[in-house]
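So the sequence lines, in the order shown, correspond to chains F and C. Read in the numbering used here, the first sequence has 279 at position 279, and its numbers run on one by one without any break. Read in the numbering used here, the second sequence has 69 at position 69, and its numbers run on one by one without any break.
Note that these hints are calculated values from the structure, not bench results. Hints should not be assumed to be uniformly reliable.
Claimed, not checked - Distance windows between CB atoms, simulated:
hint, chain 1, residue 1, chain 2, residue 2, range
1, F, 128, C, 62, 57 to 63 Å
2, F, 83, C, 92, 50 to 56 Å
3, F, 125, C, 91, 53 to 59 Å
4, C, 114, F, 126, 38 to 44 Å
5, F, 402, C, 210, 20 to 26 Å
As the list claims (entries may be wrong) - Over 12 Å on every C-beta distance to chain F, these chain C residues come out as not near it, computed from the model:
hint, residue
6, 42
7, 52
8, 66
9, 111
10, 142
11, 174
12, 179
13, 180
14, 202
15, 215
16, 219
Every residue gets a Cβ at the ideal spot worked out from N, C-alpha and C, and that includes glycine.
Listed here are the chains, written in short residue letters.
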Amino acid sequence: MAKRNTIVFFILLALFAFAVCAIIYPMFGREELRLGLDLQGGVHLVYQADFSDIEPGTEADAIEGAIAVIERRINVLGVTEPLIQKQGSDRIVVELPGVSEVEKAKSLIGETALLEFREQGVDEEGNAAWVPATATIDGEEKTLTSGYFKENTYVGQNSLGAILLYFEWDEEGSQICGEVTGRLIGQPLAIFLSGEPLLGDDGQPIAPIVQSVITDRGQIEGLSLNEATELSQLLNAGRIPVPLTPVYEQTVSPTLGADFVGMSLKAGLIGIILVMLFMIIYYRLPGALASLALIFYGAVVLAVFKLIPVTLTLAGIGGFVLSIGMAVDANVLIFERMKEEFATGRTLGAAIEAGFNRAWTAIRDSNVTTAIVCVILIWLGSSVVESAPVTGFAVTLLIGVLVSMFSAIIVTRTLLRLFIGTSLAKKTSLFSAHREKK
Amino acid sequence: MFNIAGKRFLFLAISVILILISIVALVVFGLQPGIEFSSGSMLTLGFEQEVEQSELKAELVNLGYSDVILQRTGTGDFFIRIPELTTEEKTALEEDLSARFGPLTEREFNSVSSMVAAETVHNAAIAVGVAAVGILLYITWAFRKMPKPFHYGTCAVIALVHDVLVVLGIFCILGAILGWEINLMFITGILAIIGYSVNNIVVVFDRIRENVRRGVSPDFEFVVNSSIVETLSRQLNTSLTTIIVVLALLLFVGASIQNFAIVLLIGIIVGTFDSICIAPTLLVVWDRGEWGRLISLRRAKAKEA
């Protein structure tokens, strides 16, 4: 019995050492605890897709396509660990940690990235205006746009040092362009982006004069290097196949996030220390052992957070801190039970074992009900647009509840058993246990 | 030995009064919904120069935003609650404010459309309902070997509803006095309270289960009372350790988590009272078929009020 206990003790010690290492050093490719956007700063956006112009049955493809395009566009920004995923059937969540240029990121996502070629004409009221340049292919009127570009545009310079954006037409684009340019030789052809004329470096609309019939490839001259590069990347990333409207936005500045981390660390530490003090003063030696178990608990929970990894949000930290308070609960149950058993005349060793055994059903049932609530919350969280607080809280509390059952039962019990054989065990005052006075 | 089960009508009367006050508060004041529930935008701005709250408010009204709520945070930033802003409107607003008050930093921005707000309310209500059913089923199952296992589940859920109602009622009053809004952290707190209180209730029920099995006494009221007394120090100690950490959270993290921490604080106190004085004594009331007395008691109290 005693020997088995010693073995368990060393296994727990090894587990503790492993947990501490996992927290301090990178392990399994995890460098640090993963922090949520509210703690490290960043932007959380939710977009609603509008399927009204989409062919029924292709909605899922449209969303997947939109996500792929957004991913490519975000890569242009060079954000580390962006999260872009589908929520429900018609929403896209975009999480960009630590982005300082929020507006830039949003405009990149919202950008239609469709270049439209327009010719001189008259609008409905008879005024001179730029109207879409169209051609009739196979009896269908088609507008000349970058929708017919191959996704291999690039930026270069000509011999005079001017910046050029090179593009190639696909098969259909070649036909349309051939017909349009053939019709417009000697006339200007303007380029519009999202309904606005594309402006050159000099602030003037870019509207080159058509010199000859163009069919397979072309270039746009007049953009600055930055604009040309960005436009090229957008064009290559492709078009978002479905209109997206922002429905939720949360932006947290990185400095505010850092403040939160500092404050919650402080709160957690002070909370743990006060709980330990209380346990030691009230329950003496068992309380001190429960405090050791609490340190074990804290280390294992943090290691689990890092290794899974769990994204820690402010609410998640709330869940963790709350679970510290509840973690000692199992110990409180056991110790109270132990005192009762000792009072009825059992030896200390027997009282300890009875305390653990009798308290077990209460620990099991009370923790299972809490776990049920957590699981329901996690399920709910996945269906709410701003899911971070609810899910973050529920996940950390669930992990906390599971680990606390383990630490209170196995760790505290093992430590207590180590003391039974020693001379300390004879000083019952250390256990704050008293015989019933009759 | 304390006689808690014997004073059950006193405790239930207190509880009925608390519930009545909460319902009145809910009807009269109502909860102040945050943007997650009513749509809109929240903007937290930090100014380099000293800015008076009244000046900022006047400037916002001047810019055409009369329907705003302004609060100063603990760190000297301004928290502005405003109808839903588009990106362009927000940029324009920040430029205007910066022109008037000097350089500013945007610390936090949050915007919710009305569609999303409606969904959040819907889902939160479903979560509370499903959690209650889940708890009812599990407790009924865990006490299946007891006579009338359904009583245990039902009494636990009644105590939980009581707990949640009182927290809501107190928040209505706080909302009316201090302008506190309920947000998702509030909902998270309410759900945490359900998880926490049910934990306490189950501990007492577990002891009743054990004492009934051991045949401590044929008198159910006696069994319940000794179970309450035997678990009393556990209830108080666990509540105390939890209150300690929640206070740490409230004092050191503050504003962002304030709603959550306050809900927990109130909920833990009410929940502890529930698990000691309400949930187990309701078992006795039901066991003895005393619901009639409870209703007449309520009528009597209502007349007094």
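Going through the hints against the structure:
| no. | hint | verdict |
| --- | --- | --- |
| 1 | F/128 - C/62: 57 to 63 Å | violated (41 Å) |
| 2 | F/83 - C/92: 50 to 56 Å | violated (30 Å) |
| 3 | F/125 - C/91: 53 to 59 Å | violated (33 Å) |
| 4 | C/114 - F/126: 38 to 44 Å | holds (42 Å) |
| 5 | F/402 - C/210: 20 to 26 Å | holds (24 Å) |
| 6 | 42 | violated (9 Å) |
| 7 | 52 | holds (23 Å) |
| 8 | 66 | holds (23 Å) |
| 9 | 111 | violated (4 Å) |
| 10 | 142 | violated (5 Å) |
| 11 | 174 | holds (19 Å) |
| 12 | 179 | holds (21 Å) |
| 13 | 180 | holds (17 Å) |
| 14 | 202 | violated (4 Å) |
| 15 | 215 | holds (16 Å) |
| 16 | 219 | holds (21 Å) |
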